[in-house]
Amino acid sequence: GNSVTQMEGPVTLSEEAFLTINCTYTATGYPSLFWYVQYPGEGLQLLLKATKADDKGSNKGFEATYRKETTSFHLEKGSVQVSDSAVYFCALPQGGSEKLVFGKGTKLTVNP
Amino acid sequence: GAGVSQTPSNKVTEKGKYVELRCDPISGHTALYWYRQSLGQGPEFLIYFQGTGAADDSGLPNDRFFAVRPEGSVSTLKIQRTERGDSAVYLCASSLITGLDTGELFFGEGSRLTVL
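Here the protein sequences come in this chain order: A and B.
Heads up: the first sequence begins at 1 in my numbering, then just goes up one per residue.
Heads up: the second sequence begins at 113 in my numbering, then just goes up one per residue.
Derived by calculation from the structure, the hints in this document are not laboratory data.
Fair warning: there could be bad hints in the mix.
Claimed, not checked - Derived DSS-like pairs: lysine-lysine, alpha-carbon spacing no greater than 30 Å straight-line:
no., chain 1, residue 1, chain 2, residue 2
1, B, K127, A, K104
2, B, K123, A, K107
3, A, K104, A, K68
4, B, K190, A, K104
5, B, K123, B, K190
6, A, K104, A, K56
7, A, K107, A, K56
8, A, K52, A, K68
9, A, K60, A, K104
10, A, K68, A, K56
11, A, K104, B, K123
12, B, K190, B, K129
What the hints assert, rightly or not - Residues from chain B shown here face chain A by an in silico Cβ test under 7 Å; the list is partial:
no., residue
13, Q153
14, G154
15, P155
16, F157
17, Y160
18, E216
19, F219
20, G220
21, E221
Cβ atoms here follow ideal geometry from the backbone N, Cα and C, with glycine treated the same way.
The task is simple: from the sequences and hints, build the whole structure.
Now the structure itself:
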């Protein structure tokens, strides 16, 4: 079945540093790809998504490009803020079903 | 409320006891999902409802786990004869439409279950 492998954390950065969180996937066909974020004390929420190859999803300064050649969907942000401290999850649907398969999550801490 | 509401937020129980976890989805959302998240892991799918019926319960780990959604809104996850390995955060999510390609899941804050 479909699966994702996500860069393990934790990741600690200083404010304004560049962020990359790697995500690679294994899938049948070309499903949509998602990044979800979980801020402290809050529920998971969708950060961005891409629905087809070469699409770029973006939100709150974060970007991720759906690359079928490398089966990757890496999350990037040019200048992180303290408020970006959270756990980030890469996800994709499980083969034509309503299930989302999540990576293990990457905890990001941004220090002032 | 505006978001997905889950109760209780924390539940501590003893091994062998019965537990119910409740999810109140966003009004009008037809699809409802239960996930389980163990420490250091991503959410793991348990069951998905479309309306009142369980469209996919393939993620339920064994027959001690059961979920209902009798009126197509509130859902209850029921765990019988709890075991220490059931300790986790149980997440509920809802969506307006079932298309994961066009919609998104709205998650509650979860119910943390601890089995002593």
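Going through the hints against the structure:
1. Distance restraint check for K127 of chain B and K104 of chain A: the Cα-Cα separation of roughly 27 Å lies within the 30 Å cut-off, and the hinted pair is therefore satisfied.
2. Our distance criterion of 30 Å between C-alpha atoms is met by K123 of chain B and K107 of chain A, whose separation comes to about 25 Å.
3. For the suggested pair K104 of chain A and K68 of chain A, the alpha carbons sit about 21 Å apart, so the restraint of at most 30 Å is met.
4. Between K190 of chain B and K104 of chain A, the direct Cα distance comes to roughly 25 Å. Compliance with the 30 Å bound is thereby established for this hinted pair.
5. For the given pair, K123 of chain B sits about 13 Å from K190 of chain B by alpha-carbon distance, which is consistent with the 30 Å threshold.
6. Distance hint between K104 of chain A and K56 of chain A is fulfilled; the C-alpha atoms sit about 22 Å from each other, no more than 30 Å.
7. As the CA atoms of K107 of chain A and K56 of chain A are separated by approximately 23 Å, the hinted pair is consistent with the 30 Å bound.
8. Using a Cα cut-off of 30 Å, the hinted pair K52 of chain A and K68 of chain A holds, with the two alpha carbons roughly 9 Å apart.
9. Using a Cα cut-off of 30 Å, the hinted pair K60 of chain A and K104 of chain A holds, with the two alpha carbons roughly 22 Å apart.
10. As the CA atoms of K68 of chain A and K56 of chain A are separated by approximately 12 Å, the hinted pair is consistent with the 30 Å bound.
11. Taking the CA atoms of K104 of chain A and K123 of chain B, the gap is about 24 Å. The hint holds against a cut of 30 Å.
12. Restraint check for K190 of chain B and K129 of chain B: the C-alpha separation of about 11 Å stays at or below 30 Å, so the hint holds.
13. Contact between Q153 of chain B and chain A, as hinted, is supported at the beta carbon level, the nearest pair being about 6 Å apart and thus within 7 Å.
14. The closest approach between the C-beta of G154 of chain B and any C-beta of chain A is roughly 3 Å, which is under the 7 Å cut-off, so the hint is satisfied.
15. Hint status for P155 of chain B: holds, given a least beta-carbon distance of 5 Å to chain A, under 7 Å.
16. The interface hint given for F157 of chain B holds, since its Cβ lies 4 Å from the closest Cβ of chain A, which is under the 7 Å cut-off.
17. Interface restraint check: Y160 of chain B against chain A, minimum CB-CB distance 5 Å, threshold 7 Å, status holds.
18. Checking E216 of chain B against chain A: minimum C-beta separation of about 4 Å stays under 7 Å; hint holds.
19. Contact between F219 of chain B and chain A, as hinted, is supported at the beta carbon level, the nearest pair being about 4 Å apart and thus within 7 Å.
20. The beta carbon of G220 of chain B is positioned within 7 Å of a beta carbon in chain A (closest approach about 5 Å), and the interface hint is therefore held.
21. Look at E221 of chain B: its Cβ gets to within about 5 Å of chain A, closer than 7 Å, so that hint holds up.
Hint compliance for this structure: no hint is broken.
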